[in-house]
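Chemist: Protein chains in written order, with my numbering: chain P, 1 to 218; chain R, 1001 to 1469.
None of these hints come from the bench; they were simulated from the model.
A quick note: this is a predicted structure, and the numbers were derived from the prediction, not measured.
Backbone N, C-alpha and C fix where the C-beta goes; we use that ideal spot for every residue, glycine too.
Mixed in with the good hints there might be a few duds.
What the hints assert, rightly or not - Covered stretches of chain P (in silico footprint by chain R; criterion: 3 or more residues with CB under 8 angstroms from a CB of chain R, positions within the stretch not fixed): (1) 28-42; (2) 110-117.
Stated by the list, open to error - Facing chain R, according to a computed beta carbon distance under 10 angstroms, are these residues of chain P, among others: (3) N10; (4) A13; (5) W163.
Claimed, not checked - Where chain P lies over chain R, by a calculated footprint (3+ residues, C-beta under 8 angstroms): (6) 1145-1155; (7) 1284-1293.
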Amino acid sequence: MAQIFPPVTNTLARASIFGGVFILAGLLWVFSTVDRSSYVTQVGVVREQPVPFSHRRHVAQLGLDCRFCHTSVEDSAFAGIPPTKTCMTCHSQIWLQSEMLEPVRASYRTDRSIEWTRVHDLPDYAYFNHSIHVKKGVGCETCHGRVDQMPLMWQEETLHMEWCLNCHRHPEKYLRPRDEVFTFGYEAEDQTTLGALLVEEHDVAAATTLTNCSMCHR
Amino acid sequence: MSDSIRDDVSNGPVATSGLPVLEPGHTYSTITDKISEIALTKRTSRRWLMGFGIGFTLTMVLLYSIAVLLIRGVGVWGLNNPVGWGFAIINFVWWIGIGHAGTLISAVLLLLNQDWRTSINRFAEAMTLFAVSCAGLFPLLHIGRPWLAYWLLPYPNTMAVWPQWRSPLIWDVFAVTTYATISLLFWYVGLIPDLATMRDRAKSSFAKIVYGIFALGWRGAARHWHRYETAYLLLAGIATPLVVSVHTIVGYDFAVSIVPGWHVTVFPPYFVAGAVFAGFAMVLTLAIPIRAFYGLQDFITERHLRNMAKILLATGLLVAYGYMMETFMAWYSGSDLEWSLLMNRLFGPYAVQYWALLFCNVVVPQLLWLRSIRGSTIALWLISLVVGVGMWLERFIIVVTSLHRDFLPSSWGMYTPTFWDWSLYLGTIGLFLMLLFLFIRFLPVINIFEMRVLLEKKEREKEEGEERA
């Protein structure tokens, strides 16, 4: 009787046993890497905007405070995107001929808002409030990165739930005094001591409360 | 009766009570022929086509029901407050329970050296596997978004959340996946030598290649047999605790909660007994027609049916004890809530189902005390069907009566399954049948080589008996 399988199938069979394990492990690794890659999270990817607004220019070089434009950050869930009027405070006086600023002037003329592309977009099932974070001493920089050094805006952190929980589980590692919230490049001398102190002083809830499902999923 | 007992004792469990585990007159080749011809040479019979057709049609109903469920959401089911655990959980527990007989027969009876398991273990294991597949569907669909079912597993996700280990529901995930994996391995490993037989006897080259791939190059060498025996015994050892653990954990799903009627310590053992009870009923339900259709009476003998009937009776009594304990504890606990739940079961809106359950699971199996009933294939088949229904009703009563009236009378309600509940349930029965018919058609339903071993053992015993005489 002729053989059904050529001898090479012996090797194939053995290889497939090990191959199976490695392929499974490899797939798991690929998925967890892709999930955290900037391809999925858009970390560090510059978003196309109608006007190439530079935070670096306005913050680092001209010295504007975050709250000059993001006015509601201290007392509302939403930090606020400035209306065209805010831009026109200065740009009705300077850079009048600039080609780049034409959409801003057009918006002012036609009374139609500039349609900015949202960079930090949390899913709708996650409740997030800026004001409470500011009140408890979470610096802008902690989540948004060195915005003062970004010529164009990008997302600095993944906004993954693991990233949120990282701080909700150990807020003391990230808190800063209230008057340093809007500072860029702030570094505490001794975060361990200061953090514990600030948790006390700012009346930050315990990690068990902060990591409650309904804290963010309401 | 007393004679047969003495027989049992003197000859050990192999040659017993006048009724053989293998009818006389068989040789190695007749056994191999008879079993392998079902899959290899016999033409596809009309009866098989009919059976498969029914299974296939109902499987299409299943797929349709799943599609409707996914498109319109779990609202198409009868679930609502206060009963959030309707058919999905009832059917899950029912199916998982049915699988248990397969594991018991293949693992526990193997370790106990019960020769009579040989001809029924193969399809009992297949039954386990298919029942677990049907069972697994229900919780997956019940979570509403099955495509996120992998969230049930602990893996390094971007949410930094881990399953809640204090919840029996996550224990369930592990119990059931372990059960499915071990059952599959056990069944497959046991099939390897027979797959090689099929490969060698197959006529078409396609069949040769397919059987050949799954036979993993089995040549029947002494080394192969040695490794096979070791692996099979190890798997039996691993599978044995599963007979107890899986349904214990399903019992915890209920018992760990504080809902009246569920918060009972007897639940885990009583669930296990119920599972074996339902499982053996299912084995009988399937074995009786299969042996008749395929003329396998020589291999699945009266002896098998009678033994299974005895197990059915014994586990039925255990289950009856469970019901008794539930009732007793409702009184003994001194808890008004437990007591009112019992009253609600006995005389409430679902009283008909409760009394029907007692009739099916407690009254009817008592017929098995009669030797004539144990010997009657038809009676056994009918009783096994009744038990199957009874065990389904049991899960219905457990799930629904406890939930529909709990602590707050203001949130009491009724549960009525909808068309889609029923169609999904029927659909899984169809899937089960379809898989079973495919299995019968393409794989050896009875373990060929173990039957050969059994034959040799019998002959040796006979010779020894003659020498002694």
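Chemist: Are the hints correct? Go through all of them and say.
Modeler: Hint-by-hint comparison with the structure:
{"no.": "1", "hint": "28-42", "in the structure": "holds (count 4)"}
{"no.": "2", "hint": "110-117", "in the structure": "violated (count 0)"}
{"no.": "3", "hint": "N10", "in the structure": "7 angstroms, holds"}
{"no.": "4", "hint": "A13", "in the structure": "7 angstroms, holds"}
{"no.": "5", "hint": "W163", "in the structure": "8 angstroms, holds"}
{"no.": "6", "hint": "1145-1155", "in the structure": "violated (count 1)"}
{"no.": "7", "hint": "1284-1293", "in the structure": "violated (count 0)"}
Hints 2, 6, 7 from the earlier list are contradicted by this structure; the remaining hints agree with it.
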